[in-house]
Amino acid sequence: MSRIQTWTEGWAEGRTSFHGTNVHKSLLEFQSKLLVKKPSRVLVPLCGKTLDMRWLAEEGHEVVGVEGVIQAVMEFFEEQELPYKESDVPGIKGAKLFENEDKKIKIYLCDFFQFSKDIAGQFDAIWDRASLVAIDPPLRQQYTDVLLSVLSPGGRILIEVYEYNPEERKQKGTPHFVPEEVIQKLYGEKCTTIDLLGDNDHLEGNERFKERGLTWMRQKIRIMVLK
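Numbered per my numbering, the sequence shown finishes at 227, counting up by one with no gaps.
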């Protein structure tokens, strides 16, 4: 089963506990660190149906999501009650572009590894929430290469990752453990700045992670600036 088939099956079975029902707290708290340019062109990789996209658009920014699961894209536009138009994407076989009426929100339905600046141009900002942590470790470098290739010089990435003891975890899978050394390896040479903005307990109130055997879990929020 392919990566996209696996995620498609998860959406069909309702395994979407990663989806938040509100605009993400860290995006609201650290928006001034990410959205320096007004307005910004913002990429949301592996976007699902996040409410963050609508909030960003309502703040005046242009938002581009990339998602591999058609159900997620359809549910976003339906739940947000946004009329949209659908078109083919030149350069990616089978890919589709969904955009709302004022074109402030665009979602590319495709494999993220086929996404490029030739397809959608470059971005001022990237909001990586539940994206890197969803990528299988052997594919992290490839994912990062795509991400950085579409970010303009001086562009910013606000990223959320998790740290925990992977040896405690009974059920392997996402969100993957992403320690600081992985962030430094992936982004250190390409970014002038990697600053830790938030370090929060993520186990309290998250019974599903306790049930998986974890005794501690930290949410780390960082801002990174491309050279």
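Hints listed in this document are in silico derivations from the structure and should not be mistaken for laboratory results. On a predicted model such as this, the values are computed, not experimentally measured, just so you know. Errors might be hidden in some of the hints.
Calculated cross-link-like contacts (lysine-lysine; reagent style DSBU-like; alpha-carbon spacing at most 35 angstroms) [claimed, not checked]: (1) Lys93 x Lys170; (2) Lys185 x Lys172; (3) Lys210 x Lys96; (4) Lys227 x Lys38; (5) Lys33 x Lys103; (6) Lys38 x Lys93; (7) Lys96 x Lys227; (8) Lys172 x Lys38; (9) Lys185 x Lys220; (10) Lys104 x Lys210; (11) Lys210 x Lys93; (12) Lys93 x Lys103; (13) Lys33 x Lys227; (14) Lys25 x Lys96; (15) Lys170 x Lys37; (16) Lys103 x Lys210; (17) Lys38 x Lys190; (18) Lys190 x Lys96; (19) Lys103 x Lys227; (20) Lys117 x Lys37; (21) Lys185 x Lys210; (22) Lys172 x Lys85; (23) Lys117 x Lys220; (24) Lys210 x Lys170; (25) Lys117 x Lys103.
Hint-by-hint comparison with the structure:
no. : hint            : verdict
1   : Lys93 x Lys170  : violated, 39 angstroms
2   : Lys185 x Lys172 : holds, 23 angstroms
3   : Lys210 x Lys96  : violated, 39 angstroms
4   : Lys227 x Lys38  : holds, 20 angstroms
5   : Lys33 x Lys103  : holds, 25 angstroms
6   : Lys38 x Lys93   : holds, 34 angstroms
7   : Lys96 x Lys227  : holds, 32 angstroms
8   : Lys172 x Lys38  : violated, 41 angstroms
9   : Lys185 x Lys220 : holds, 16 angstroms
10  : Lys104 x Lys210 : violated, 39 angstroms
11  : Lys210 x Lys93  : violated, 42 angstroms
12  : Lys93 x Lys103  : holds, 22 angstroms
13  : Lys33 x Lys227  : holds, 16 angstroms
14  : Lys25 x Lys96   : holds, 30 angstroms
15  : Lys170 x Lys37  : violated, 43 angstroms
16  : Lys103 x Lys210 : violated, 42 angstroms
17  : Lys38 x Lys190  : holds, 24 angstroms
18  : Lys190 x Lys96  : holds, 31 angstroms
19  : Lys103 x Lys227 : holds, 29 angstroms
20  : Lys117 x Lys37  : holds, 19 angstroms
21  : Lys185 x Lys210 : holds, 29 angstroms
22  : Lys172 x Lys85  : violated, 38 angstroms
23  : Lys117 x Lys220 : holds, 28 angstroms
24  : Lys210 x Lys170 : holds, 10 angstroms
25  : Lys117 x Lys103 : holds, 18 angstroms
Of the numbered hints stated above, those contradicted by the structure are hints 1, 3, 8, 10, 11, 15, 16 and 22, listed in ascending order.
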